[in-house]
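Trainee: Given only the sequences and the hints, what does the whole structure look like? Please build it.
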Amino acid sequence: MPPARRYALALPTLTVPSALTTTVGRPWLVPFMTLPVWARWAAFFPALMSTVLLFMDQNITVRLVNAKQHKLKKGYGMNLDMGIIAGLTAACSVFGLPWLVAATVRSLAHVKSLTKYDQLGWGRGERIAGVAEQRVSGIAIHGLIGVAILKLRPLLAQIPLPVTTGLFLYLGVTGLAGNEMWERTKLLVTDPNLRPKAAPWSRLPASKTNMYTMIQLACLGSMMWVKGSPIGVLFPVLIALLAPLRMLLVKTPLFTEGDLSVLDSEG
Numbered sequence: 027m028p029p030a031r032r033y034a035l036a037l038p039t040l041t042v043p044s045a046l047t048t049t050v051g052r053p054w055l056v057p058f059m060t061l062p063v064w065a066r067w068a069a070f071f072p073a074l075m076s077t078v079l080l081f082m083d084q085n086i087t088v089r090l091v092n093a094k095q096h097k098l099k100k101g102y103g104m105n106l107d108m109g110i111i112a113g114l115t116a117a118c119s120v121f122g123l124p125w126l127v128a129a130t131v132r133s134l135a136h137v138k139s140l141t142k143y144d145q146l147g148w149g150r151g152e153r154i155a156g157v158a159e160q161r162v163s164g165i166a167i168h169g170l171i172g173v174a175i176l177k178l179r180p181l182l183a184q185i186p187l188p189v190t191t192g193l194f195l196y197l198g199v200t201g202l203a204g205n206e207m208w209e210r211t212k213l214l215v216t217d218p219n220l221r222p223k224a225a226p227w228s229r230l231p232a233s234k235t236n237m238y239t240m241i242q243l244a245c246l247g248s249m250m251w252v253k254g255s256p257i258g259v260l261f262p263v264l265i266a267l268l269a270p271l272r273m274l275l276v277k278t279p280l281f282t283e284g285d286l287s288v289l290d291s292e293g
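Position in the sequence shown (from 1) plus 26 gives the number in the working numbering.
Honestly, the hints are just simulated from the structure, not real lab data. This one's a predicted model, so the numbers in the text were calculated from it and none came from an experiment. Hints may be right or wrong, so weigh each one.
Stated by the list, open to error - Quick list of in silico lysine-lysine cross-link-like pairs, DSSO-like style, CA-CA up to 30 Å:
1) 212 with 177
2) 138 with 253
3) 277 with 99
4) 97 with 138
5) 94 with 177
6) 234 with 223
7) 94 with 277
8) 142 with 212
9) 234 with 94
10) 212 with 234
11) 138 with 99
12) 223 with 138
13) 212 with 97
14) 177 with 234
15) 94 with 223
16) 212 with 138
17) 94 with 138
18) 100 with 138
19) 277 with 223
20) 142 with 177
21) 253 with 223
22) 100 with 142
23) 223 with 212
Stated by the list, open to error - Between beta-carbon pairs, the in silico distance windows are:
24) 148 with 106: 41 to 51 Å
25) 37 with 283: 46 to 56 Å
26) 148 with 42: 44 to 54 Å
27) 182 with 48: 16 to 26 Å
28) 191 with 247: 14 to 24 Å
29) 200 with 56: 31 to 41 Å
30) 42 with 126: 13 to 23 Å
31) 180 with 200: 22 to 32 Å
32) 165 with 199: 20 to 30 Å
Glycine included, each C-beta is placed from N, C-alpha and C at the ideal position.
Mentor: Encoded structure:
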């Protein structure tokens, strides 16, 4: 834990291994056949929950990146993406490596950095004109990540942990811009007379909008609590229950299918 030079503070740094090897010194290939037969069958249930989590995580990111407001012109290969992720998940499992899906915060930050805007005039702000859709920046970014892992581990080990935490916090906060749930959450403490008139959900009564937002916040809080609790392994189950919950809301007198379609719209 090296001291920060300017203020002589002891700050935690990134934990980076000195050598590129497995964490506990095990062989690179996971010895599946040494597991008892009952354990192999029992792995089906956590594997099913992991599948739900990976599927939802990937598709949420794809939905946000391909949102209508980004005005993307090239189609997205959702099925191809899922096929590649399935192959990578199988390969990573054989070698005991972390599973990978699209990173939501980084993906949105990447799209934002490539977004082109039209100026609407003095005092009227700007609007999205489109996105520079290309693969060069993505390949370059991940290539540099690979170089850093292979060649720059000593330098990575000197980066204070608060720096990376602050960076991810900044990316998360900036990624909230344009998020419909976040915009509706701000309305809970906004003067009703200042509600945006152009938003899709502005045609609904404020009581319905606020109620739907509070239900979403309750679901979010529940998932955060479960994820940080000893029963965190059940986190994918809560995600899978979100779709049935939405179907249940339609059967109540609180919302109609039309209401939820408006509240779910992306503008």
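Trainee: Which constraints among the numbered hints does this structure fail? Numbers only, ascending.
Mentor: Failing hints, ascending: 1, 3, 5, 14, 20, 21.
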